[in-house]
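**Q** The residues making up each chain are set out below.
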Amino acid sequence: MSDAAAAIEVHALSKRYGEFEAVRGIDITVRRGEVFGLLGPNGAGKTTTVEILEGYRSRSGGDVSVLGHDPGTRSRALRRQIGIVLQSGGIYGHITPREALRHWASFYPHPRDVEEVIALAGLQEKADVRSRRLSGGQLRRLDFALALIGDPELIFLDEPTTGFDPEARRSAWETVRKLRDLGKTILLTTHYLDEAQELADRVAIVKDGRVLAIGAPRELGVGASHYRVAYRDRDGNFVERQTDDPTTLLGELTAQALARGERLEELSVGRPTLEDVYLELTADGDGEPAGGARAAVGEAHDD
Amino acid sequence: MTETLSLGWRQYRLERKMFWRNPSAAFFNFLLPLLFLAGGGAILAGNQRELDKLLPAIAGMSVMSTTFTALAYNIVFLRERGVLKRIRGTPLPTLSYFGGVAANAVTNTALQIGIVILAGKLIFGIGWPHDWPELIVFVLVGVVSLSALGVAFAHAIPNFESTAAYVNAVFLPVVFISFYVFDSAGAPGFLRQIAEALPLKPLIDGLSGALVSGSGLGGELDALAVIALWGVFGLFFAVRGFSWEGRRT
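Just so you know, the sequences run in chain order A and B. Start counting the first sequence at 1; every next residue gets the next number (my numbering). Start counting the second sequence at 1001; every next residue gets the next number (my numbering).
It is possible that some hints are incorrect.
Listed below are several chain B residues computed to face chain A (Cβ distance under 8 angstroms; list not exhaustive) [what the hints assert, rightly or not]:
1. R1010
2. K1017
3. M1018
4. R1021
5. N1022
6. R1081
7. G1082
8. K1085
9. T1090
10. P1091
11. L1092
One-sided and incomplete, this derived list gives chain A residues near chain B with beta-carbon spacing under 8 angstroms [claimed, not checked]:
12. E54
13. R76
14. R79
15. R80
16. S88
17. G90
18. I91
19. Y92
20. H94
21. I95
22. H103
23. W104
24. S106
25. F107
26. Y108
Worth flagging that the hints you see were computed from the coordinates, not collected in a lab. Where is the CB? At the ideal position from N, CA and C, for every residue including glycine.
Build out the structure end to end from the sequences listed, making use of the hints.
**A** Laid out in structure tokens, this is it:
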């Protein structure tokens, strides 16, 4: 399992708070240079897992390696190589982003250029405004900038867009893509499916402290295979067929129907998406996830 | 070590910058004791015996407000806002961070004591301090003890909204009891015992000796011991159970 190219290796990680088991045996490997998403509902154990990797929390069991270090020892060498965007990390209200970045830069041996980071985070116009006057979205950009100033190899993003309006989300996503383009390894937690789909190279779906599925979003759901073509046939029966090649299948079906002078009632073509996989895996067991919910989530990730 | 020191110095400079930019902090640290001095001075004008008592009492209160009160406020605010947690995730050494924060509080104390001394010389007819070594020793021990107690007390405060209530529930009674017992020879015995056991009254005694009477450090060793004991107690609880992040709701 040991992989020289791995930025993070987690094996059989567990964490209990008294009686409660927040994390129950998680195994993940994050490769260098990839954006890895931990996707799951609230309370799935995502933040606990990430905070163990960041060195904020101790673990109850398992092996963890972050850039070759055990984060439990809280070594400075490790903290010099990582950048952390917390779910709710505050910043001094009486200094400006430029001042904060200059200060933060002094913590690191080889910081990035302050002006460059300001530009990267899109803070040019707010660089000299006191932080207390910044909006939520602007503060988030400052979070990114502060996490980036030390030129880290690995960046943790814990629910980076929770509570954002659509525009702020887009801009945060843009920043994450820029970080990926810089070759950074990124570990992202989110409970937004579209966010995982948009940003992550690979996703682990987590629930109740366990990994339910792991893989590229496309492998998990949006594959070339498994298009579902459904319609009602002439006897009134509902038919659903799965195919790798919906074009051909639809051609055949419509040709046959036209030849018979019939209509394909209620014809629909669907791709199982990450949503399907996610909802199926994270459902509480009582019944199938409703189609309506699926449609609603699907709309939310339209580009 | 050099790096820890230079990062501590940078943190200190940042803390100073932020202090001056925050009007309410500047007000509580500088204007309030000045107002007390002016108000008390106006009421007690002409009564040198009372003025001699007002000055060390205000000096003692200044030490407490610039360290205990200011640090409790600061720590709770930064903890609940998530600033401490963010700093915890950087390579900034813990020692550098707290060194900078503590040095900031000490600077405010020194400035305040300076103001009080100047007022004593220029307005209250008390002259320059009579015993500089005693002054320095008491201020130093007072600063360390009350800073540690402030950080320790921050652990007991559950959220930022209740900070004022918690801090004043301690600060005001301690100030009143200490001032009363220090000023009035006829204070009830149990109040006197309470005041002598708390750190502020011994601190005021020491400052009174240093600023006004020149009684000498030798005569105030008991008082110094009480403050130092509180310091040991405070340091223990300041370090133990220090929380870098707010409780989750």
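**Q** Tell me if S88/A is really an interface residue toward chain B, meaning its C-beta lies closer than 8 angstroms to one of theirs.
**A** 5 angstroms, holds
**Q** Take the shortest C-beta to C-beta distance between Y92/A and chain B; is it under 8 angstroms?
**A** 6 angstroms, holds
**Q** Under 8 angstroms is the threshold here; is the Cβ of L1092/B close enough to any Cβ of chain A for the hint to stand?
**A** 5 angstroms, holds
**Q** Is the shortest C-beta separation between R80/A and chain B less than 8 angstroms?
**A** With Cβ-Cβ at 5 angstroms, under 8 angstroms, it holds.
**Q** Is the interface hint satisfied for K1085/B? The criterion is a beta-carbon contact with chain A at less than 8 angstroms.
**A** K1085/B check passes; min Cβ-Cβ to chain A is 6 angstroms, inside 8 angstroms.
**Q** With a cut-off of 8 angstroms on the beta carbons, see whether S106/A makes it to chain B.
**A** Status holds, d = 5 angstroms.
**Q** Close enough to count: is the Cβ of I95/A nearer than 8 angstroms to one in chain B?
**A** With Cβ-Cβ at 6 angstroms, under 8 angstroms, it holds.
**Q** Taking 8 angstroms as the limit, does the beta-carbon of H94/A come near enough to a beta-carbon in chain B?
**A** 4 angstroms, holds
**Q** Does G90/A pass the interface hint, meaning its C-beta sits closer than 8 angstroms to a C-beta of chain B?
**A** 3 angstroms, holds
**Q** With a cut-off of 8 angstroms, does the beta carbon of R1010/B approach a beta carbon of chain A closely enough for the hint to hold?
**A** 5 angstroms, holds
**Q** Mind checking the CB of E54/A against every CB in chain B and telling me if the closest is under 8 angstroms?
**A** Nearest chain B Cβ about 6 angstroms off; hint holds.
**Q** Does R1021/B meet its interface restraint, that is, does its C-beta lie within less than 8 angstroms of any C-beta in chain A?
**A** With a closest approach of 4 angstroms, the R1021/B hint holds.
Consistency with the previously given hints is maintained throughout, with no hint failing.
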